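Add chain B to chain A, keeping to what the hints say.
Top line first, the protein sequences correspond to chains A and B. Each residue of the first sequence is one higher than the one before, starting from 1 at the first, in the UniProt record's numbering. Each residue of the second sequence is one higher than the one before, starting from 1 at the first, in the UniProt record's numbering.
One copy or two, either will do: identical chains are not told apart, so a pair holds if it fits within one copy or between any two.
No more than 25 Å apart at the CA atoms, straight line, and that leaves these computed lysine to any residue pairs for SDA-like: (1) Lys-280 - Leu-422; (2) Lys-280 - Ser-363; (3) Lys-79 - Asp-29; (4) Lys-144 - Ser-421; (5) Lys-104 - Ser-329; (6) Lys-132 - Gln-162; (7) Lys-318 - Val-378; (8) Lys-364 - Lys-379; (9) Lys-318 - Glu-109; (10) Lys-461 - Glu-284; (11) Lys-256 - Ser-363; (12) Lys-144 - Ser-363; (13) Lys-39 - Pro-288; (14) Lys-398 - Arg-267; (15) Lys-280 - Cys-426; (16) Lys-394 - Ala-247; (17) Lys-398 - Ala-252; (18) Lys-482 - Asp-471; (19) Lys-423 - Ser-363; (20) Lys-132 - Leu-112; (21) Lys-39 - Lys-280; (22) Lys-144 - Gln-162; (23) Lys-25 - Glu-470; (24) Lys-398 - Trp-249; (25) Lys-364 - Ser-421; (26) Lys-39 - Trp-249; (27) Lys-364 - Gly-427; (28) Lys-256 - Lys-398; (29) Lys-461 - Ser-363; (30) Lys-93 - Thr-167.
Read the hints as simulated data drawn from the structure, not as lab findings. Quick caveat: nothing in here was measured; it's all calculated off a predicted structure.
Number of protein chains: 2
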Amino acid sequence: MTEEIWDVIIVGAGLSGLSAAHLLKKRNDKLKILVTEAKDRVGGRTVTSEIPAANGVDRWDFGGQWVGSTQPHVLELIKELGIETYRQFTDGKKVYHMGGPDAKVRIGEGRLPALSLLGLMDLAQLYWKIEKLSATICVEDPSKSPNAFELDSMTVQTYLDQHAWTTEVKEQMAMCSRPLFGLEPSQMSFLYFLMYAATAGGLLPLLESNEGSGQELKLKGGTQQLSEGLAERIGWKNVQLGAAVTAIWQDAEYAKVMTATNTYLCRAVIVTCPLNLAAKIHYEPPLPSQRESLMMNMPMGNILKFIITFKTAFWKEKGYSGEIATGSSTNCPFTVTFDASTPYGSPALVGFIAGKQANEWSSKEVGERRDAVVSRLVKYLGPEAASFIHYEEKDWAKEPYSGGCPVNVMVPGALTYYHPSLKSPCGRIHWASTETATSWCGYMTGAIQEGQRAAREVLAKLCPNALTQEDEEAVQESQTVKQKQPSKLSFLPSIKTLVIAAVAIGAAVLLAQNPDALENAKNFVTKWFSNDQE
Amino acid sequence: MTEEIWDVIIVGAGLSGLSAAHLLKKRNDKLKILVTEAKDRVGGRTVTSEIPAANGVDRWDFGGQWVGSTQPHVLELIKELGIETYRQFTDGKKVYHMGGPDAKVRIGEGRLPALSLLGLMDLAQLYWKIEKLSATICVEDPSKSPNAFELDSMTVQTYLDQHAWTTEVKEQMAMCSRPLFGLEPSQMSFLYFLMYAATAGGLLPLLESNEGSGQELKLKGGTQQLSEGLAERIGWKNVQLGAAVTAIWQDAEYAKVMTATNTYLCRAVIVTCPLNLAAKIHYEPPLPSQRESLMMNMPMGNILKFIITFKTAFWKEKGYSGEIATGSSTNCPFTVTFDASTPYGSPALVGFIAGKQANEWSSKEVGERRDAVVSRLVKYLGPEAASFIHYEEKDWAKEPYSGGCPVNVMVPGALTYYHPSLKSPCGRIHWASTETATSWCGYMTGAIQEGQRAAREVLAKLCPNALTQEDEEAVQESQTVKQKQPSKLSFLPSIKTLVIAAVAIGAAVLLAQNPDALENAKNFVTKWFSNDQE
Chain A
1 MTEEIWDVII VGAGLSGLSA AHLLKKRNDK LKILVTEAKD RVGGRTVTSE IPAANGVDRW
61 DFGGQWVGST QPHVLELIKE LGIETYRQFT DGKKVYHMGG PDAKVRIGEG RLPALSLLGL
121 MDLAQLYWKI EKLSATICVE DPSKSPNAFE LDSMTVQTYL DQHAWTTEVK EQMAMCSRPL
181 FGLEPSQMSF LYFLMYAATA GGLLPLLESN EGSGQELKLK GGTQQLSEGL AERIGWKNVQ
241 LGAAVTAIWQ DAEYAKVMTA TNTYLCRAVI VTCPLNLAAK IHYEPPLPSQ RESLMMNMPM
301 GNILKFIITF KTAFWKEKGY SGEIATGSST NCPFTVTFDA STPYGSPALV GFIAGKQANE
361 WSSKEVGERR DAVVSRLVKY LGPEAASFIH YEEKDWAKEP YSGGCPVNVM VPGALTYYHP
421 SLKSPCGRIH WASTETATSW CGYMTGAIQE GQRAAREVLA KLCPNALTQE DEEAVQESQT
481 VKQKQPSKLS FLPSIKTLVI AAVAIGAAVL LAQNPDALEN AKNFVTKWFS NDQE
Chain B
1 MTEEIWDVII VGAGLSGLSA AHLLKKRNDK LKILVTEAKD RVGGRTVTSE IPAANGVDRW
61 DFGGQWVGST QPHVLELIKE LGIETYRQFT DGKKVYHMGG PDAKVRIGEG RLPALSLLGL
121 MDLAQLYWKI EKLSATICVE DPSKSPNAFE LDSMTVQTYL DQHAWTTEVK EQMAMCSRPL
181 FGLEPSQMSF LYFLMYAATA GGLLPLLESN EGSGQELKLK GGTQQLSEGL AERIGWKNVQ
241 LGAAVTAIWQ DAEYAKVMTA TNTYLCRAVI VTCPLNLAAK IHYEPPLPSQ RESLMMNMPM
301 GNILKFIITF KTAFWKEKGY SGEIATGSST NCPFTVTFDA STPYGSPALV GFIAGKQANE
361 WSSKEVGERR DAVVSRLVKY LGPEAASFIH YEEKDWAKEP YSGGCPVNVM VPGALTYYHP
421 SLKSPCGRIH WASTETATSW CGYMTGAIQE GQRAAREVLA KLCPNALTQE DEEAVQESQT
481 VKQKQPSKLS FLPSIKTLVI AAVAIGAAVL LAQNPDALEN AKNFVTKWFS NDQE
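Bound conformation, chain A alone (with noise of 0.2 Å):
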């Protein structure tokens, strides 16, 4: 009997995977590649779904769906694949609830949230702080960062305890986390957190949506296109779909790659899927404990996402951008929206039912959802919101083949003790995901360097002669851990941060009783804040 014999099979075709394979063929095309992915569709945590709009249907992302200039690997391939991009649109008031239900809903205007102005002085001092602690984040290997122990033992609920002086702050913070994470800050290690913002060159660009920011521009058709042109130009009959991997058995010769129907036989192995599906996979011999561990401590975060659509964009002709922002304890389903028309003239909100959000909404009925998004949506932009035309969700952790969304997250602990296994290849078996990404971790463009990263690891093992010039650097580079300097901030406050708590604590109380001033006030917190993060 002779068996077929792959050179590399790749378990997953999303962005990682399909960026591998075409990295292989690209620089081999003799060699014999299989993708196989679990779902029906290519895309992993992206997909782009028709529904009905205001001219009839129209596409939108229902996984990942911005990227940004300071993203070289997806803009290459976007660039490659000749998709036009566009911007968010973030023009005008911005709507902001926190504090309850009876709380007062609250409108601003620019990049700064509409908190009180003792809250932004908060926020500009957590922020400082934040972005110091992220820049001395070594992102190859976070566990070799000054104080990396400390950082890592405490969850981020702890650090906003110990930091951040108002509540409102803190539920600022734990609003942000949910649809960058799915997750509350007391989910996640402060040292994985840091690590996050880190890769994608600070807190701000996480968290904003100008230039720069993670949340800069969209794909004209959707981002599902990436996969699609990516299987294209590795050729459709090398990827398998429908076929999820149940076990990976090695010896001393090949590797053994089992779906429920077949068994392939290969030289080496690419597992692309989330470390929480990875963990599913049975491994003949046994991974090392350290990466099983690894895999346990990676929990995937939770998230609804959901596109409105409307016939006219109401909002924008009242001024407001579509960016709302909710607690989670006003009782909202979702924790925010933003502007999602398209630009072929659908107009639409796109919103996120995150982290605890999510937990408490996700066991209802949909219609009981609708309902409720659509209330607070006529709460908050006006009536016109009732009209809508359609609703449409996913829920990730509902979705087969995929038990959440966006990021496999690390937990205390996990990066002290288990990081070096995040990569190491376990005998012939590789793994790339966006979640062991140094450039934009949990992003698309993660995954793109990832998927390329691994293919050059299995290039040097099969056809080391195929590897070009730029490969080897490549290769060099990810491998270079570099040191940084521990932060001078340290754990203790430094001048400038009790400088603005005495400026925060004198000004909150004189302006108590001259609120005229204190639109200038707020001016010179945001000049001042600005100029902070230059």
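The following block gives chain B in isolation, referenced to the frame of chain A:
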């Protein structure tokens, strides 16, 4: 086609699964029950093996080994099966090595570890605070305990950093955490830790070997007899070994439990494997996202357990108990050892390579680990240790269908957000394992408690008339959430604590110049401490 229809399929032939089957059969012998087990043996996290010993061969437990007189569920089973118990040997000197490879090896006697006087005082105040907090925990629903959100937002390490005065006590607590959980204090929720202690009646019962503690008694012939005895009672023909469940489907009529070779139709399923394994099963329809999230947020610890046999119990002859405790910074592979001599006259020691130490040592060859263990036993107990008969170990992380030991712990936030899904049935699927126990969570007795609880749930659905008065009382008891009063301590130091602090600091300064008084002072602390625990 008529397919065989089972009343109950039980996934896992450990103590939970077999106890469930046993109670179901006892209450209604007509029920068609099948227990499926992935391993080729019963017992789950208990396994008893024969190895070379002084008298030829003898049997030792390589998994769960201790029971205690405050564990009614396991004691009842022991009585029913007619198994004899005997006391853990603890008389004599105990070895402590903490604070780095070159630190002095200290010798202790009695209940208290060999710490400095300041260390002992610190331990006393810390234990006291933790015991007081633990007494406020509502074990049926820890999220309803006072300050639950704060306690669940922090790791055990964060609490230690805030409340332990000395490095040696922090090191002592990390040492205790390793064999208890297979994890470090930075890796688990502090609320979870308090809940765990509360289910055992307090912190000291977890740590000690005296009457009422978790390390009090052993079983003649080993603990796997419990599962074997249960399997005999329910009939070995009703236990299917080597049958790993891969998927569970449910529809309006039945549940379908699938293994690689069979599909079983049934009316109810009890899943009793640890949560990291339950997470690997494919469920259709998908489980509620809260349950999926729970399973991703309960990592299993990492423990290697070894037995080393000798011709004579030379340590006893020299006045040692066989207990050695080391800090992870001493480069010693094992965390703790105890005397493991059998009642059949085979001298042995049992040791645990756990948590951080397991992580560091598990990737080495067994010979290297054995040599390092022996060389440390020589250092701590004398040159006789070099002439051992046999060294045998079990790496639970590498055991197929275990993936670690001893227990799935909860990371921060898991109790707050996902606890209700720990026991809530999902359609026809019921959940039971030691992780769900309210009496000695993580112990064998807890596994039995929960197997019986799940059996009662299933009886209430399938044949409620079979439930006895005793069953109905047990159901009611398990559903009653006992509200606890907040500890007066809360997070503020009490007067008592401040007094200890003052005394400790004063005493340390004085005693530095007058070491003769040390013994008296230690006796004072020991007495004070003992009184406080009553």
